[in-house]
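*Asks:* Chain B: place on chain A using the hints.
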Amino acid sequence: MLSQSTLSPAERRFLEDGVRQGFRNDGRGLLDYRPYTVETGILPSTSGSSRVRSFGTDVLCAVKVDMGSPPADKPDEGVVSVNVECSASVAPHGELEGGSSSRATGRVGGGRRDDSGEGWSAYLGALLDDLCLPPCALDKKALCVSPHVYAWHVNVDILLLNAAGGVLDAMSLAMRSALRDTTLPSVSVGSRDEWEEEDTADGVQQSKPPFDVDERPTAGTPFPAQDIPVCVTVGQVCSHYVWDMSSEEESCAEAQVTVAVDRNGRCVAVHKSGMASIDPTGLLQVLKDAGRVGVELIKKLEAAMAKLGTGQPVVRERLGFMAA
Amino acid sequence: MSKTEFVSPEGFRIDGRRPSEIRTFRCQVGGVSQNADGSAYVEMGCTKALAYVYGPKEARRGAMKTQCGVLTCEVSLAPFSTADRRKRSRYDRQTVELALTIRQAFESSILLELYQRAQIDMFVHILETDGGHKAAAINACNLALIDAGINIRDSLVACSAGYIDGRPIVDMNQAEINAGGVELLLGVFARTRKVSVIEMDSKITPEVFQETYEACIAACRDLYTAMETAVNDTALRLVHSK
Numbered sequence: 001m002l003s004q005s006t007l008s009p010a011e012r013r014f015l016e017d018g019v020r021q022g023f024r025n026d027g028r029g030l031l032d033y034r035p036y037t038v039e040t041g042i043l044p045s046t047s048g049s050s051r052v053r054s055f056g057t058d059v060l061c062a063v064k065v066d067m068g069s070p071p072a073d074k075p076d077e078g079v080v081s082v083n084v085e086c087s088a089s090v091a092p093h094g095e096l097e098g099g100s101s102s103r104a105t106g107r108v109g110g111g112r113r114d115d116s117g118e119g120w121s122a123y124l125g126a127l128l129d130d131l132c133l134p135p136c137a138l139d140k141k142a143l144c145v146s147p148h149v150y151a152w153h154v155n156v157d158i159l160l161l162n163a164a165g166g167v168l169d170a171m172s173l174a175m176r177s178a179l180r181d182t183t184l185p186s187v188s189v190g191s192r193d194e195w196e197e198e199d200t201a202d203g204v205q206q207s208k209p210p211f212d213v214d215e216r217p218t219a220g221t222p223f224p225a226q227d228i229p230v231c232v233t234v235g236q237v238c239s240h241y242v243w244d245m246s247s248e249e250e251s252c253a254e255a256q257v258t259v260a261v262d263r264n265g266r267c268v269a270v271h272k273s274g275m276a277s278i279d280p281t282g283l284l285q286v287l288k289d290a291g292r293v294g295v296e297l298i299k300k301l302e303a304a305m306a307k308l309g310t311g312q313p314v315v316r317e318r319l320g321f322m323a324a
Numbered sequence: 001m002s003k004t005e006f007v008s009p010e011g012f013r014i015d016g017r018r019p020s021e022i023r024t025f026r027c028q029v030g031g032v033s034q035n036a037d038g039s040a041y042v043e044m045g046c047t048k049a050l051a052y053v054y055g056p057k058e059a060r061r062g063a064m065k066t067q068c069g070v071l072t073c074e075v076s077l078a079p080f081s082t083a084d085r086r087k088r089s090r091y092d093r094q095t096v097e098l099a100l101t102i103r104q105a106f107e108s109s110i111l112l113e114l115y116q117r118a119q120i121d122m123f124v125h126i127l128e129t130d131g132g133h134k135a136a137a138i139n140a141c142n143l144a145l146i147d148a149g150i151n152i153r154d155s156l157v158a159c160s161a162g163y164i165d166g167r168p169i170v171d172m173n174q175a176e177i178n179a180g181g182v183e184l185l186l187g188v189f190a191r192t193r194k195v196s197v198i199e200m201d202s203k204i205t206p207e208v209f210q211e212t213y214e215a216c217i218a219a220c221r222d223l224y225t226a227m228e229t230a231v232n233d234t235a236l237r238l239v240h241s242k
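Sequence order for the protein chains is A and B. The opening residue of the first sequence carries number 1 in full-length UniProt numbering; numbering runs sequentially from there. The opening residue of the second sequence carries number 1 in full-length UniProt numbering; numbering runs sequentially from there.
Note that these hints are calculated values from the structure, not bench results. A hint or two may mislead.
As the list claims (entries may be wrong) - Each computed DSSO-like pair below joins lysine-lysine, with the alpha-carbon atoms no more than 27 Å apart: (1) B:LYS87 with A:LYS74; (2) A:LYS208 with A:LYS74; (3) B:LYS87 with A:LYS141; (4) A:LYS208 with A:LYS141; (5) A:LYS288 with A:LYS299; (6) A:LYS288 with A:LYS272.
Unchecked claim - Covered by chain B, per the in silico footprint, the following chain A stretches (three or more residues, Cβ under 8 Å): (7) 35 to 45; (8) 54 to 60; (9) 80 to 88; (10) 158 to 169.
All values derive from a computational prediction rather than experimental measurement. Just so it is clear, CB atoms sit at the ideal spot from N, CA and C, and this is done for glycine as well.
Isolated chain B, as found in the complex:
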């Protein structure tokens, strides 16, 4: 059997995208939940994530900090989200790790010093995953925080990128991840371009890393454009509805 061709000679990937093209990005800011203070739904291709934000509200006694607010995050991967069904506990290693990554990323994004003695809770549901659910979760959280009106320094945008057949490809789907190449996850502040999240676990040369990194940053910019439009549209709709 011949090796699968991830980028055709004409420059198309298996799902018909160009190497530097992100998947269809769709999102809904707010209106996903009635009782949450902020909510957002994000689709990156077939990967779907839902985020709820509750707060700021009074922190529970044990976690109260006097100099800044407390941020918590809980992630759940739905049992039906992956190709073969698997039930995970709430304390599954993978989801706990993702929750920790998200919490740390947003601790640098939210102006927590404004929320003394208060607590902000984020809940993320991954409903379907076709690669890149970490990036989708971060993007959903960012939009939900905006919807909740939490003060943030800058929008945090996340995207993944890989390196297959001698060229970087962005926003990989599960088939491309299964090829077992490089997978880089970046969370970037949209305006300052500072990196908040970076995850990669392959041995690669600095040149390859730089190429992948640059492609990933460009993809984050594309994603931010889409997210900014969605946020502006929602804000305009809210203004007109008043």
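The following block holds chain A by itself, in its conformation from the complex:
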């Protein structure tokens, strides 16, 4: 994963010794989380938006919904796509490494084009799609307006502005709060007879029935999936499990396990990254703890969102919360 900080052997040793004794460089215990700050409804031109910050990590998530055709192979489902973009300053091997800043010079042609940052973004996007939008959490059928004709295309754009550890966790929290902030406009599709008449008149191309959008802000329905799982990442440092790692700790972690947890503490998906292997007995304990931590996280988030007032997006309302 992202290892931006280059630690000297001595710093590494210090960090690892600390972890062995249950202390971390910032004074936390191994299970302690850093506080998150969540804001919703910050971008008025989107259907739903949120910003999640936790110390150095800063994630912006925007949801835009569009009316489109359902996919040909699944005519009664909508489409949800997750797209992650990293700020040039946080992309790995970016300017911080000094390796490829030629791409930052603003030249049209020329210059070496380094796509490693884009590769990493695509990886994060696919991972979030797998972990946080599994079929059990998101019923895509609810996003279909009229089978074979109209379905919602939901674009979830996540912009990583700053990375200082726990990127996936912050992104999943941002996605959950942005989708809760999202309202689908209420639409009424013209009757089928009307449409078929048009169809014959048109002859060649299959035309679509017209649809009306109710413009009133109160007319929309909330996004159908209200329980998007959140990710909880655990790193293995010297055979100890460390939660909510900073970027220094991430660079020391031999392996990382990301667990997606839903409101009821059930583990929805698991992903492991890193080179080292994990002891299966330890893994069971990690899954149990992840459920507990995830539920706690969701509870705090719900409480904070409730304060913001459901349904009505609050502009620039800031709140700090939680330290599980």
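*Replies:* Structure of chain B alone, referenced to chain A:
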């Protein structure tokens, strides 16, 4: 359907402003990012821009110049920034052009001869655009450079102006730009009043140009007042926090 009235007979624009009035300008100098050396956030109406400055630091080998420093700029327009979502690559023509404009503008503003063998990187994110994102990007960069403590000759302030219904209007929003009239972008040094950036692509008479230009310069002055206050407030806060 009747033609949209961009300036009412009472002298108000569609969003309720006077022709020579800029949109609500809000900014935050510093504190936007923890790892950047300087950062700033600028809102001009609904247009929002974020700028990070990294450096000065050692230039990479290929770009090292012995007589002056190297400045780089990268702009990204968020896919959700425009009314209909569109994903742009990092090498999109529009963003590359904007990055080049910004880099050239600030090469005349920063005292690059003080940064021999060094490099300064600027990163701009346009989070939402409702017209005038170029001006917002330049203003954000200027504030981020100040926050980073980079030596500059003078503040570079940018604003756009147009000419609709026989009168100049400043700091246009997207609806006014879509009307398809004149759009002039000016980047002006606040103290010397020298022009660093000028962009316009319409055929107009010199008289119209002069009127638009003067309105734009006046708007830049208004913007500078707001930016100066923000910078001074931030500086005072820093002094008191010590």
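*Asks:* A separate judgement is required for each hint: does it hold in the structure or not?
*Replies:* Hints and how they fare:
1. B:LYS87 with A:LYS74: holds, 25 Å
2. A:LYS208 with A:LYS74: holds, 18 Å
3. B:LYS87 with A:LYS141: holds, 26 Å
4. A:LYS208 with A:LYS141: holds, 20 Å
5. A:LYS288 with A:LYS299: holds, 17 Å
6. A:LYS288 with A:LYS272: holds, 16 Å
7. 35 to 45: With 3 residues closer than 8 Å to chain B, the stretch 35 to 45 of chain A meets the three-residue bar; holds.
8. 54 to 60: holds (count 4)
9. 80 to 88: holds (count 4)
10. 158 to 169: With 4 residues in contact (Cβ-Cβ under 8 Å with chain B), the coverage given for the stretch 158 to 169 of chain A holds.
Every hint, counting from the list given before, is met by this structure.
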